[in-house]
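*Asks:* Residues per chain, in single letters:
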Amino acid sequence: MFKKILIANRGEIAVRVIRACREMGIATVSVYSDVDRAALHVRKSDEAYLIGPAPAADSYLRMDKILDVAKRSGAEAIHPGYGFLSENAKFAQACVDAGVKFIGPTPHSMRMMGSKTSARQHMEKAGVPFVPGTSRGLASPEEGEEVAERAGYPVMLKAAAGGGGKGMRLVHTRQELRSALESAQSEAQRSFGDSEVYIEKAIVNPRHIEMQVLADEHGNTVWLGERECSIQRRHQKVLEEAPSPIVDPDMRRRMGEVAVKVAQAAHYTNAGTVEFLVDQQKNFYFLEMNTRLQVEHPVTELTTGLDLVHLQIRIAAGEKLPFKQSDVAIRGHAIECRIYAEDPDNNYFPSPGKITVLLQPSGPGIRRDSGMYEGWNVPMDYDPLLAKLIGYGTDRQQAVMRLERALYEYFVAGIKTNISLFRRILRDPDFQAGKLDTGYLDRLLAKANHTSAASAASAETKSLETIAAIAAGMFAVLDPASPASKNGNSGGPGSRPAALVPSAWKQKARSEGLR
Amino acid sequence: MVYEIMVGGEEGGKLHRLELEKAAAGWECRLDGQPIHIDAVIPRRDVLSLLVDGHAYEIKREQTATDLHLWVGSTRLAVELRDPRSLRSRQKAGGDEKGPRKILAPMPGRVVRLLVAEGSEVEAGQGIVVVEAMKMQNEIKSPKKGAVKKISAIPGAAVNPGDILAIVE
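Order-wise, the sequence lines are chains A and B. For reference, each letter of the first sequence is one residue, going -12 to 502 in the working numbering. For reference, each letter of the second sequence is one residue, going 27 to 195 in the working numbering.
Chain A with its partners taken away, still in its complex shape:
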């Protein structure tokens, strides 16, 4: 087993890995940028080294500096977390070359999965289901009609060189196909200099469900159950759960077996995730493989009783998987809320800054993986994920109840967070019924705005307003840092609220300041 591991990451995931290392008696080495000197991962590790200025390209993405720290500190392995260098095959190769173990798959597997076309070729050979269609460009409109007929309408036309929605057309009937194909081809030619267009069956309101796999370096590969990740916004997952409300044991086994096939075809080792699109008839299609630990791994840990980071480290150290597929049992239900520094009143725009108050939930069935603390200044340079709140229960309903209770206890001030969003989701009848797809959250947000405006006039809110009015006054009287005194005397505990002693000098200075 390793004696010392370097964690090439920051935030909650760095803390998560540091905790696993401490549990296993492994010393930890952190790296940090200029703005992360006071970050939690630096405080919690055994050693920490500055690797550069705030921009990730100058610090957390600097392979040379990170490998230099590994050499200097004597770290034998590097855990990349997620994001940053975690799916960078060049970095994995550089680790091999430097004689440091990369805790993850080999550079070869990463390269194979990193390219969509090469992944598709290998996976098709292995018999993995894809969204029906062609992966090559269409030779003629007749071929297009034939392929569309086979896949079944509606179909999606996609530019082979495409991206960003350019050269994409949704086609509902055979009559529309020819003109749509022509316009997609000319748009693709204009946008990418390549008119190649292919056809895929359009999956209407798909779900996004993924399967966790683990593979050791001795040829053993297992699946650990699925995660439902359909609740997304701007292609960013917001809430995940395990198991999925629509997956039964048979479907789980079939998805698991496909995921294992995918991993084996790529000679995959360590923890990985196979993503699927699932249509309304519960057909599932391979989307891609994430060659790293996922943000949402805790819901799998809670429902399988396994510690994925412990297992990642043991696999990287050359150990065999300590259990077989038949030992894996799914028990209970877990739901994760991603707490982001985002302003719900401003279209969920990021909200970095100083956390002035932090009240954190605990109690039965609650797990909190957090990278924040009261008094910390959330830097503006990185991803807005602050923490993950995970609720666990014997069934989905109990997990929801525990999460609602925990969200009631959770309070962050100084910066804005999306905590209130999760209350809306958990109380939404469609969520409670498990009716989810990737468009769910946008629909909920459009709907919820009306609800909150309407409920503002209700009788219950009125009494809450009364309480708020009294509370505002009591804060002003009892708390020297009250809003009334905010812009006045900076107010130590003994000073009177400044609102009671208006200063003409201050007024004058302030109006001068406006000129």
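With a straight-line cut-off of 30 Å between C-alpha atoms, the simulated BS3-like cross-links for lysine-lysine are:
(1) LYS434/A with LYS40/B
(2) LYS167/B with LYS341/A
(3) LYS(-10)/A with LYS311/A
With the C-beta cut set under 7 Å, the calculated list includes, among others, these residues of chain A facing chain B:
(4) PRO337
(5) SER338
(6) PRO339
(7) GLY340
(8) VAL344
(9) TYR395
(10) ARG410
(11) GLU452
(12) ILE454
(13) ALA459
(14) MET461
(15) VAL464
(16) LEU465
(17) ASP466
Label-pair distances were calculated between CB atoms; the ranges are:
(18) LYS40/B with ASP332/A: 15 to 23 Å
(19) ASN334/A with SER75/B: 27 to 35 Å
(20) GLY182/B with PRO232/A: 43 to 51 Å
(21) ALA433/A with GLY99/B: 21 to 29 Å
Simulated from the structure, these hints should not be mistaken for lab results. Think of the CB as a built atom: it goes at the ideal place given N, C-alpha and C, for glycine as much as any other residue.
Keeping the supplied structure of chain A fixed, place chain B upon it in accordance with the hints.
*Replies:* Only chain B this time, still in chain A's reference frame:
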């Protein structure tokens, strides 16, 4: 002590008058003329434990450079507090629509670009400055119709919450 308290934000907000007087135990207060006996304790910063007729409330305060919200249970309410005797409060109360309005940075970030020039006429809600934080760009909008009197934001410069970006008159 007397306060005027606006609860519920700018649209649909309601103004309450609150009188507070220390009693032997707790506080005697009159809210819009109605007498209520309350007990209040601040167990820690920005948290208030309030007892009203045996009902217990934990109220949390969320205060930024630009606004104040109170959480009563899971409900978040915009609150504005004025001391009617305070000159500054009176000026603020009367000066919102007339006179200059400062546009403040709501969060730390970096100024990406200016969308208008000094002296130009803008509508309420029109974007004035673009500030970037956490890889996202955010348009900071004008709170009122008027002329851009001054732009203090400099493209490329870092800003802190509460920094003045521009003034619209």
